[in-house]
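Residue numbers (numbering that gives the first Met the number 0), protein chains in the order written: chain A, 0 to 315; chain B, 0 to 315; chain C, 0 to 315; chain D, 0 to 315.
Don't take every hint at face value.
[Claimed, not checked] Restraint-style ranges between C-beta atoms, simulated for each label pair:
id: 1; chain 1: A; residue 1: 174; chain 2: B; residue 2: 160; range: 33 to 39 Å
id: 2; chain 1: A; residue 1: 309; chain 2: D; residue 2: 97; range: 40 to 46 Å
id: 3; chain 1: D; residue 1: 125; chain 2: B; residue 2: 21; range: 47 to 53 Å
id: 4; chain 1: C; residue 1: 315; chain 2: B; residue 2: 309; range: 29 to 35 Å
id: 5; chain 1: A; residue 1: 47; chain 2: D; residue 2: 130; range: 56 to 62 Å
id: 6; chain 1: D; residue 1: 246; chain 2: C; residue 2: 198; range: 19 to 25 Å
id: 7; chain 1: D; residue 1: 195; chain 2: C; residue 2: 132; range: 33 to 39 Å
Just so you know, the hints here were simulated from the structure itself, not pulled from any lab data. Just so you know, even glycine gets a beta-carbon here, dropped at the ideal spot from N, CA and C.
Protein chains: 4
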Amino acid sequence: MWMEKVRDIKWKEGMDVSGLVDMLGNVGFQGAELSRAANIIADMKRNGAKTYLTFTSNMVTSGLRGLFAQLIKLGLADVVVTTTGGIEEDIMKAIGEDFLIGRYSPDDMALHEKGMNRIGNLMITNESYARFEDYMLPALRKIYKKQKRLAVSELLHELGLMLKDEDSILYQAAKNRVPVFCPAITDGSLGFHLFMFQQDHPDFIVDVVRDFSNLLASSSFDDKKGVIALGGGVSKHHAIFGILLNGGCDYAVYMTTSSPHSGSMGGATTSEGKTWGKVKVDANEVTVIGDVSIMFPLVMARAMDAMKAEGLIGNG
Amino acid sequence: MWMEKVRDIKWKEGMDVSGLVDMLGNVGFQGAELSRAANIIADMKRNGAKTYLTFTSNMVTSGLRGLFAQLIKLGLADVVVTTTGGIEEDIMKAIGEDFLIGRYSPDDMALHEKGMNRIGNLMITNESYARFEDYMLPALRKIYKKQKRLAVSELLHELGLMLKDEDSILYQAAKNRVPVFCPAITDGSLGFHLFMFQQDHPDFIVDVVRDFSNLLASSSFDDKKGVIALGGGVSKHHAIFGILLNGGCDYAVYMTTSSPHSGSMGGATTSEGKTWGKVKVDANEVTVIGDVSIMFPLVMARAMDAMKAEGLIGNG
Amino acid sequence: MWMEKVRDIKWKEGMDVSGLVDMLGNVGFQGAELSRAANIIADMKRNGAKTYLTFTSNMVTSGLRGLFAQLIKLGLADVVVTTTGGIEEDIMKAIGEDFLIGRYSPDDMALHEKGMNRIGNLMITNESYARFEDYMLPALRKIYKKQKRLAVSELLHELGLMLKDEDSILYQAAKNRVPVFCPAITDGSLGFHLFMFQQDHPDFIVDVVRDFSNLLASSSFDDKKGVIALGGGVSKHHAIFGILLNGGCDYAVYMTTSSPHSGSMGGATTSEGKTWGKVKVDANEVTVIGDVSIMFPLVMARAMDAMKAEGLIGNG
Amino acid sequence: MWMEKVRDIKWKEGMDVSGLVDMLGNVGFQGAELSRAANIIADMKRNGAKTYLTFTSNMVTSGLRGLFAQLIKLGLADVVVTTTGGIEEDIMKAIGEDFLIGRYSPDDMALHEKGMNRIGNLMITNESYARFEDYMLPALRKIYKKQKRLAVSELLHELGLMLKDEDSILYQAAKNRVPVFCPAITDGSLGFHLFMFQQDHPDFIVDVVRDFSNLLASSSFDDKKGVIALGGGVSKHHAIFGILLNGGCDYAVYMTTSSPHSGSMGGATTSEGKTWGKVKVDANEVTVIGDVSIMFPLVMARAMDAMKAEGLIGNG
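Here chain A stands alone, though its shape is the one from the complex:
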């Protein structure tokens, strides 16, 4: 059995990211897994796989949001699954709100008094939530006029159509007809706004069950299918469960900070996925462990440079 050798890495002035990721492939440990992930993601595109991209809301709070929107724009994400916080914060940014960067161990009581809500080392102000509420109610009114009973992905499509931000996930998804699934749509401020609206319009229905047909229709049994699952939770599970019903993934990249030892969805590996048929037994798969805020831009830069060189994608 032929095996790759460890090769010592060295700095050169002005290295490019793709070259660095290639070198990390011979550094070992998670560097080797990261390099493998870049190749698998490029293979998804090379082989025309339907690609499911899943992420948790904190990643939309972070600056990864623009990259997610770009992936949709460039045809690298055919289906998106996220949580309500991800929807909310995408819209907030689209309407001009700024999120702030602080430290991990601040004085949380002082932050509370200033109306700054913390997510790790990031902050969202109460004002941003207030302006989001002001935005949502008229938006829901417009949607209700068009349609009284919508599946979640249809609701998100309508919301996306109203945005005017190239860096918005919902905007790019709506424009590029990429469905965005959000299996727990009411779990956040948006849920509260939907509830307030329904109080006045009892025939307004967000039909989660009907969205299942959209999930099933998002790829076919015969399609090659791939998943890029960032973090865990219902976003990850919903994507791989949907793919399971259509026969399982041919390509799978999981990125997570969780470990398998607690049996959590976040920690579930691509290998575990094979027992369920979520990941095909002969799939090209890798689980990379580490912070997605660092690793995902790195891995996508490598994969996208390769795709660009092969004429598979245009400029960002």
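Using the hints provided, position chains B, C and D relative to the given structure of chain A.
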């Protein structure tokens, strides 16, 4: 400022669990946090707090399910939030399915061929899923006859009424009028079954938005409120978000294997919760890090022995 | 293949620890691994294995120190390996110093001003270090009078002979002729004291190389051998490397909070140990992931109750 | 208080690493910490701080070894601390041995039979260890002829002088008069070789205590001092303890996969370090959490590009 001292722990034959947890309080590290958690949970009951209990589906796969059901029975959980997998596996066990214990690093391809689906070191067979499907379709028919549009917690109440298992979460919740919320109800086999049923009965609606009023009604602004959040994800978020809308927790115990460094919901600490008002600034709170399968029985044994001694609960 | 079933756990008033650990064996996830660990540790004694116990210094800061001393006293640890901090803090406690329990996220600048040195949620004062220094210099003088060139384990034996504390690791080790290895003896205050002493006594030599023969002699190729490795670092490596040279472990229990993904010693599993021959291919082994401050007292209580019932150990 | 804003990141073809790291500074989560680390490391050089570089042996197994050697060559590491495995594997690579890259969950019994020793996803063959032994015995003989009693760093200096590999840590350290400390020198094969040699040459002494004076002399109280601590264990502790004795760090970058919750050295944060005086209260410091195999090349590329642009270092 007075501080507790570290005290050396020693084995005695036949130690009881409560005594051990008390000693862990002076061992330090997570032992000290665990002991603090037991006191906070006992305080929730002593002070009549409305208690929200949240857990992820893997914990229902594990043997913690019986303990969750018991907590509901004894009046120690006034509101429950979980994910679809937790609902499914509670029902599976209630109708007689067994889950198996293996190892963490098995031959996943061999498991797949045997139809054994792995979750960490636990396994669920394909047959269990098949029998679950056979059970669900008539169950949904019965519910539909009574009501065509239900909030999720109402659906779960109906499902609970049909079960006959003292160790079932849904059964005890239905019997004791404890609402069970599941913000991502379609994210699993149950979602598929609901979808199949709706295909034949298009007026069957699972109304997630309406459930928001039930979430708001599950405690009042004036109630003392507590949360025991096991793991992360939408279960944890939904509970603390619901509590936030009612003024925030007075008592909070988070148990998790996640770390705060990635900004995930699983890793979010009780201190971070204070910035949002999810946890009151002067709340009695602790975040304990470690495997819930070990720590939760330990902490509850301590808390429940105390409550029993004070006449706050009966026998299990 | 027969497999254990998951069994629901429930609280009963006044449960004993051994019963709880047995139940955890059927709860799953780390509970199942913990129960397995208790059985393996009892088997070490049942089968007369030479048992190597390793731990890091923070565990001696914590209240686990008394349990370690007790294990030595009861003949459950035939060889001990730790780091310098573990030696220092064992002596500090033996001469009457108290360590304190605080919180994980305190005001570290304020602690610094108060002379309180933090290790997670534990604190050691500057005064304790000062009194430790006052104790060590005369102690070293006494030892030097007896012997000018000592292996590390011989030095630690002499130090143990001078202590008068039943709960001291060094005291019990000296009394019971259990060697204590500390491969990085100078890495701490003790190193500074040794250095100061050697300045005045240049012929004072701590011979680390000679201690290798003591490590080799601590078990034979023909002995059954077991290891209980708590945490990682040189303590863990030194024990399993020493055992490797004598043919590998028949029994291995690793407990750690580290994951295997970074290739660290802390995260190295018993399975990985088999590739090296550190753990025999057919060994009885388990890796348990979680906080040792909670899990180790739990696992030892179960194992020791079993040993006591079988007449293998006396009372603590 | 002014705070940085989160900025959305996007791919551009052929991005350079420094640009990416700068963007990560506005992505948030560990990306923000990583960017901060790059600035702190550049500041160490800008302000002429004595820089302590510490790493664990697995990082020398990986391809990071070449980068460590390069940092020494370029004057970016004034003091090095590592473990015995790091010394061994640096020498092995210098005499031509190759390490291999595999997967994390292989068949460990099969690897054992093939004589392939696993460290995460890396492998070292038995043959490499055999050839290392063949190399060491004559090398020790040569050193013994020159000097019979050596401090550890002196022994490592002599070993470095014998190597002829630009990518070797020991070679570059010897050439550039950078002391390499290894507080647990006997903890590995090298310990066994030293022991075998001492059997025949009883007056051969590796004087760990004497090395303390070299540690103290490696910086002065008046020097600005910085530390880059990769991973945990005695390497990290020895460096920060040595710096503490000289007044504490002005700059500190810790990179680790460990969390603070267990009180381990690996998880100890720069903030905790302030309570001890290891890190000065007003130091420029950051703790970055994640896999060093990915993050360290990234952070050094950014820092070194900046230093190069400012004329502080030459080409690699």
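Tested hints:
{"no.": "1", "hint": "A/174 to B/160: 33 to 39 Å", "verdict": "47 Å, violated"}
{"no.": "2", "hint": "A/309 to D/97: 40 to 46 Å", "verdict": "32 Å, violated"}
{"no.": "3", "hint": "D/125 to B/21: 47 to 53 Å", "verdict": "50 Å, holds"}
{"no.": "4", "hint": "C/315 to B/309: 29 to 35 Å", "verdict": "31 Å, holds"}
{"no.": "5", "hint": "A/47 to D/130: 56 to 62 Å", "verdict": "49 Å, violated"}
{"no.": "6", "hint": "D/246 to C/198: 19 to 25 Å", "verdict": "20 Å, holds"}
{"no.": "7", "hint": "D/195 to C/132: 33 to 39 Å", "verdict": "37 Å, holds"}
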